[in-house]
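Student: Using the sequences and the hints given, assemble the complete structure.
In the working numbering, the protein residues as written are 1 to 109.
I should point out that these hints are in silico values taken from the structure, not numbers from a laboratory.
Treat the hints with care, since some could be wrong.
Below, simulated DSSO-like cross-link-like pairs (lysine-lysine); rule was C-alpha separation at most 30 angstroms, straight line [claimed, not checked]:
| no. | residue 1 | residue 2 |
| --- | --- | --- |
| 1 | K51 | K79 |
| 2 | K101 | K9 |
| 3 | K84 | K61 |
| 4 | K106 | K38 |
Now the in silico label distances, taken between C-beta atoms and shown as ranges [what the hints assert, rightly or not]:
| no. | residue 1 | residue 2 | range |
| --- | --- | --- | --- |
| 5 | H90 | R47 | 30 to 36 angstroms |
| 6 | K101 | A16 | 23 to 29 angstroms |
| 7 | K13 | S44 | 36 to 42 angstroms |
| 8 | I85 | G42 | 33 to 39 angstroms |
Idealized CB from N, CA, C, for every residue including glycine.
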Amino acid sequence: MQCLENSLKIFAKTGADIDLETAMARLSNLTRDYYREKKYPGKSEIRVLAKTFVKDLKIGKWPNVLQGEFNDNFRNKTKAFLEKIHGDAHKAAEAMLKQCKETVDKNIR
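Tutor: In structure tokens form, the structure reads like this:
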């Protein structure tokens, strides 16, 4: 979580894609860890996470997001999260991860 938060903090200041790549990689890995922690029987990890990132959140392609690949929608959503909470990277990181977790839970049902 700290890596995601730090990347968002630096991105808020610089707007550099490299920081956004790091944030995406960390967010996707945390989301995958959350899925694995839940141990949903009969649900394909690839299908659930692909649906989460590609269809629902529309922020990147699975599994490319694990390496930090993202699309413009992720950049726009990240900027919106940071603006909404006045640049607080900690709150932005928590909100982004919460949204990913809720989407995974929705896709499991």
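Student: Against this structure, judge whether each hint is valid.
Tutor: So, going through the hints one by one against the coordinates:
no.	hint	verdict
1	K51 to K79	23 angstroms, holds
2	K101 to K9	21 angstroms, holds
3	K84 to K61	26 angstroms, holds
4	K106 to K38	13 angstroms, holds
5	H90 to R47: 30 to 36 angstroms	32 angstroms, holds
6	K101 to A16: 23 to 29 angstroms	27 angstroms, holds
7	K13 to S44: 36 to 42 angstroms	39 angstroms, holds
8	I85 to G42: 33 to 39 angstroms	37 angstroms, holds
Violation of the numbered hints given earlier is absent; every hint is satisfied by the structure.
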